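S.K.: Heads up, the sequence shown is in the numbering used here, so the first residue is 2 and it goes up one at a time.
Treat the hints as calculated values from the structure; they're not laboratory data. Here the structure is a predicted model, which is why all the values come from computation and not from measurement. Since no wrong hints were added, every one of them can be taken at face value.
Listed next, with one range per pair, are the computed distances between beta-carbon atoms: (1) Arg113 to Leu346: 36 to 42 Å; (2) Glu199 to Ala88: 28 to 34 Å; (3) Ala46 to Arg176: 22 to 28 Å; (4) Ala86 to Ile182: 20 to 26 Å; (5) Lys265 to Thr345: 28 to 34 Å.
From the three backbone atoms N, C-alpha and C, an ideal C-beta is built for every residue, glycine too.
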Amino acid sequence: MASIQRIKSELTGGISYRVQVRVKGRPALSETFPNRKEAAAWGAAAETGIREGRHFPHMRSTRTTFSEVAKRYRETVLADWSASAKAARERHLKWWEDRFAGFTLAEITTDRIVEARDALAAEKFTRGKPRKNRKTGEVKAPAEYSRSPATINKYLTVLTRVLNLAVKEWRLMDRNPAADISKKKEPRGRVRFLTDEEREALLEACAASDWKALHTLVLLAISTGARRGELVNLKWTDVDLKAARATVQDTKNGDSRVLPLVGKALEAVRALKLQNSARSDYVFPQPSGFPGPYVYFDGYWQKALTAAKLEDFRFHDLRHTTASYLASQGASLLEIADTLGHRTLNMVKRYAHLAQSHKVRAIEKMAKERGL
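Please model the entire structure based on the sequences and the hints provided.
M.R.: Next up, the structure:
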């Protein structure tokens, strides 16, 4: 119950009121006010707050599991995200949920998060499924990969956001134990793009692939700068061959984006339409005939890279190729960002050096015309 004590200062003679709130099993609260009315109001509110657990979130943290908080985050935050943006965050959240299964929020300490971060960095994962050689019958396991520092930082970001909500909005914790965790140092963004000779070699290898649609997919990737997932998940309802454009409905940042279809890429999509439009709703369906897009084509892709004698090249580098070609042609960073679907210029500054010759020509022309 709240008790109020009238206090008279021996130095000034002023009157103040100290209120104390005690509830069995909970630490006491105390505060001082200039008048009894304010003291009584605070005491009543504090008593109610203690009984509801608002003043002592550390006690609620001992009764709330991380799985409960992850579920709440999933239902209240991720529910409003686009499918593609949600997919990555859901994957990150699920990893932490598995890691902290059975743990209460009070048990998720900074030390445990550091240990989990290091385990995440050491963990190996695969893409795709084992492939069986039809001739020899040998089953080849998919390649193993390690997570990059940037990817690890994305996992940490998701955990930090979940715990921030638990502290600031849901009042389940006193502080965020992830706040003091150091992020992994990320290397400078790589710019690996195809030279003209490499591009021709790759397209030739793709045209000879057993999966015929690979050639169309790579042409689209180079000519539009779209992400792998954006292209693979294209449906024929998203493609307007008369207007020569395709609309990506679900992008990484949640905005839809129009991809212009030009040149050989447009011709290839038209040819693909004649071949498989009746088989599937997707532009790039699974060769097996199963429903859905053909997501795991890595075996054909790696084989094409080997045939083209390309080293240190990933499918995402086709996107860098688009940006690099645009920069060398004199496109501004704003135009490159718009083409790639970036909301800011930070991600495209890596291509700025490729546009230097264009800047020099522009300045030389200006100086000549102005007599400078």
